[in-house]
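Protein chains in written order, with this note's numbering: chain A, 1 to 623; chain B, 1 to 154.
For the record, the hints were derived by calculation from the structure and aren't laboratory data. One should not assume that every hint holds.
Heads up, simulated SDA-like pairs for lysine to any residue below, C-alpha to C-alpha not over 25 Å straight-line [said to hold, decoys possible]:
{"no.": "1", "chain 1": "B", "residue 1": "LYS97", "chain 2": "A", "residue 2": "PRO599"}
{"no.": "2", "chain 1": "B", "residue 1": "LYS97", "chain 2": "A", "residue 2": "ILE600"}
{"no.": "3", "chain 1": "A", "residue 1": "LYS308", "chain 2": "A", "residue 2": "GLU274"}
{"no.": "4", "chain 1": "B", "residue 1": "LYS66", "chain 2": "A", "residue 2": "LEU51"}
{"no.": "5", "chain 1": "B", "residue 1": "LYS97", "chain 2": "A", "residue 2": "VAL267"}
{"no.": "6", "chain 1": "B", "residue 1": "LYS66", "chain 2": "A", "residue 2": "GLU161"}
{"no.": "7", "chain 1": "A", "residue 1": "LYS42", "chain 2": "B", "residue 2": "ARG58"}
{"no.": "8", "chain 1": "A", "residue 1": "LYS46", "chain 2": "B", "residue 2": "LYS97"}
{"no.": "9", "chain 1": "B", "residue 1": "LYS97", "chain 2": "A", "residue 2": "PRO296"}
{"no.": "10", "chain 1": "B", "residue 1": "LYS66", "chain 2": "A", "residue 2": "ARG179"}
{"no.": "11", "chain 1": "B", "residue 1": "LYS66", "chain 2": "A", "residue 2": "PRO599"}
{"no.": "12", "chain 1": "B", "residue 1": "LYS97", "chain 2": "A", "residue 2": "GLU302"}
{"no.": "13", "chain 1": "A", "residue 1": "LYS315", "chain 2": "B", "residue 2": "ARG58"}
{"no.": "14", "chain 1": "A", "residue 1": "LYS545", "chain 2": "A", "residue 2": "LYS308"}
{"no.": "15", "chain 1": "B", "residue 1": "LYS66", "chain 2": "A", "residue 2": "ARG230"}
{"no.": "16", "chain 1": "B", "residue 1": "LYS97", "chain 2": "A", "residue 2": "ARG179"}
{"no.": "17", "chain 1": "B", "residue 1": "LYS66", "chain 2": "A", "residue 2": "LEU41"}
{"no.": "18", "chain 1": "A", "residue 1": "LYS544", "chain 2": "A", "residue 2": "HIS573"}
What you are looking at is a predicted structure, and each value in this text was computed from that prediction instead of being measured.
If you want the building blocks of each chain, they are given just below.
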Amino acid sequence: MSKGFASSARMAFLGGLLLLCYAALGARLVWLHVVDREALLKPLAKVRPMLIPEAARRGDILDARGARLATSRSEILLGVDPHSLLPRDERKWVELAALIELPEAELRDRFQPRFRRAGARGEEGDDAGEAPVPFAVPAARGGEDEQWPITWVKLREDVSESVYERVRRLDIRGVYGIRHYRRVYPSNELAAHVIGYVNREHQAAAGIEAYADFYLRGQQGWRVGERDGRNRELPQFASREVPRRDGYSVVLSIDSTVQDIVEQELVQLAARFEPRKASIVVSDLDGFVLALANYPSFNLNEFNRVPKAEEARMKNAAVADIYDPGSVFKIVPAAGALEERLVTPQTVLDCTVSRLAHRGRLLSLPAEDHKMGNLRIGEILSHSSNRGAAQLGMMLGEERLERYARAFGFGAKLGFPVGGEVAGILHPHQRWYPIDITRIPMGHSVSSTVLQMHQAMAVIAAGGVLLRPQVIREIRDAANETVYRYGRTEIGRAVSPRTAAQIAAMLVGVTRKGGTALEASIEGFDVAGKTGTSQKFVDGQWSKKHHIASFSGFFPAAQPKVVITVIVDDADHKAPGGVAYGRTVAAPSFKRIGERLIPILDIRAGAAAVPALLVARQGGGAR
Amino acid sequence: MKSPPTRAAVPRSSAPFATSDFYAVRKDTSAFVNQLLVWLLVTICLGGSAGLVTVWMRHQISATAKANRDLAAQLARYDRLFGEARTQVETEQASDKLRHLNTTLGLGLVPMNQIPVVHVTDNVVERLARRANAGVLADGPAPVAGLRVTLPGL
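For reference, chain B alone in the conformation it holds in the complex:
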């Protein structure tokens, strides 16, 4: 009994289904599934990548926002510490504390009074002008520099 020819042994043109779309359909189905799987993998990869990128971006945004907030907090902290130090200095400079220190440390500082102040009662400008022009108007030799001070109306 002659066994039926195998699919490989039978030329396609002489095969019983040679005229049908059997192979084409199978090939198409395989191609479709292949493509589907490929696209599925590609989509998963792309989706995964996009997800990772999104997560990474969100993390970066969070990290940046946190860093900004931390920096602002640090600035505020320095401001507060500076303010505290300044207040401390101002408090230590209060008149009563300085007087107490003066007594405690025996510094002997006394309040300013009018005695050391020498008031020039005459017109200062005229006096300076007189002094500047003294050499020029005197009988003796004139000063080398020729700067003269003149008062309006004089």
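Okay, chain A solo, but in the shape it has when bound:
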């Protein structure tokens, strides 16, 4: 009979020993995981966890047709840790230098390991230092004289994804990139003053970029995880994760095609007249701006290259600069007098008189550019009679003239979202000088922005309603679903539809034979509009050599589709006769723009309304 292997004392001893080892192992594990846990985890807890931010993609800015006016492109900030470079990779440096278009000598210079004193942080400039997040490794604390290795030297900051792919394929240890989004404006200068830009610090600085930043910027994501000794993420230890939320897209009412036409026209204007400034606004009948452009302008992709002395070109002059509206303002007293039934379209005023009594004072009326006679209200507008407008203003009186001016949008901000809109100047009538009642009706002693002049004309086109000028149509989420849609917003009613229609009919005379702006007429269409020529205040006096030429109008007059305003500042030196009149400088631009908009916006001269119901019956006639 077998004694069994356990019968041996040695076997029992061996068993006991194994058990003891097992117990010792267990005890050691308990020691490591329970007793000494905190002390062992402490250094690890400092090194292993990593917070990985995930940048949200900024939303796009789209035009009315869906073309991208601003978008975000992923780019790589390429850098090197010179202390991690390996000699075996040196043969690849030449190829890397060629890829990132950096001279080889400079690349080799940046690859030289460097140190800095502990107390000298940032002395080497932005291109060198510690690696940006998430590659930052906490440095050991030391004395002031301790030398710290420089672990991050920038190589290039605008490396494209495709180039970075090739850089990665080179597999040079120590060379790595950090992704970030860079704002790109594919159309360069197009609608620069409306779109605005995001600066180098990724802060929205102007325009829609700043106004709609809340929607556009999105929400950065992040995750907390751990990394291994080679600084690689250990995804299995990810403890918390907040996904990024890309920004919403903003759809503008700006139509790239219309905007391009307007900007081309500005280029032509600049080449022909060399003005100091010029602005053109085009809008529809709901108050949505289809195009807004200023001269001079700037390239959105190179906003930081605009010289300091020329930074004024980055200002949206159409809403931030004020001008005397000139004769364009005459629609206000004319509409007011008609609305108050002080006159009818058939009323005739003597526009030859030079003085008139008003509130017990004899006031001198403004001079005319050319001799006027007895004029109907429509002729006062079409001939742009200053004395006729003054008489209309005097009929209205100070209080009502101010009220109508404000109802047409003068003297207050219209709520245009971008460009730093200003209110213009329209003093309360209590502060007017006695003479102001004769000057304000012709657009002097009052200042307005280009947009205010435009919206005043739009009041007539829109049937007497002052609309809020808008430039954003929709907000769309990352899945392209509409989350908010902007609609027509009425600020208030200025005059009745009947009065507006009467004024519109009168303004057609401006672009017909005998009017002040035959140059603005468009064949086959009734164009309603008003010229304006106002003197500039130069060196403390009203200059006869510096003028602001303007034309604001709409067409077709009976069923307006589009309102266009052209303002040219100080184009006298190149203007015919040395004076920049609205008729000679601004009106032709209106015509050229209008003609090009006809096929694009499908504007028709006077199509009859299509019946709503078409009944088609099979096999027989009407029953």
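Fit chain B to the given chain A structure using the hints.
Same frame as chain A, but now just chain B:
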């Protein structure tokens, strides 16, 4: 001298310790150690297996997490490349670039104007209705198809 009988030669019943638990104790001790060793081996095997399974599972979790992360990274990479290509296309479609290409390549393209546009000023529906009913109302033979268009109120 008679030698003492060996343990094997002596019947257990007649052995000096036949009535004691000597053999039982030894047998029990052996059994205990045997069992201990067996259980020890079993425990080691089971523990080892459990450890291996745990390590394998953790490895699989890591591998899956890494694969997921890699897939997400790859998707993001394609998104970025797509975005870059799209931006490039948009940039090349900018009006000034197209105008430059038009000039450089001598394409002779001109901006659209109103001249080729022929506007129909009369009521299109009435005109279509007139045309559709022309055969029906005319003196000649009626069209084969009996489709008639009727305007409300007419």
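Structure-based check of all given hints:
no. : hint                  : in the structure
1   : B/LYS97 <-> A/PRO599  : holds, 23 Å
2   : B/LYS97 <-> A/ILE600  : holds, 20 Å
3   : A/LYS308 <-> A/GLU274 : holds, 21 Å
4   : B/LYS66 <-> A/LEU51   : holds, 17 Å
5   : B/LYS97 <-> A/VAL267  : holds, 16 Å
6   : B/LYS66 <-> A/GLU161  : holds, 22 Å
7   : A/LYS42 <-> B/ARG58   : holds, 23 Å
8   : A/LYS46 <-> B/LYS97   : violated, 53 Å
9   : B/LYS97 <-> A/PRO296  : holds, 20 Å
10  : B/LYS66 <-> A/ARG179  : holds, 20 Å
11  : B/LYS66 <-> A/PRO599  : violated, 57 Å
12  : B/LYS97 <-> A/GLU302  : holds, 17 Å
13  : A/LYS315 <-> B/ARG58  : violated, 61 Å
14  : A/LYS545 <-> A/LYS308 : violated, 29 Å
15  : B/LYS66 <-> A/ARG230  : holds, 15 Å
16  : B/LYS97 <-> A/ARG179  : violated, 29 Å
17  : B/LYS66 <-> A/LEU41   : holds, 24 Å
18  : A/LYS544 <-> A/HIS573 : holds, 12 Å
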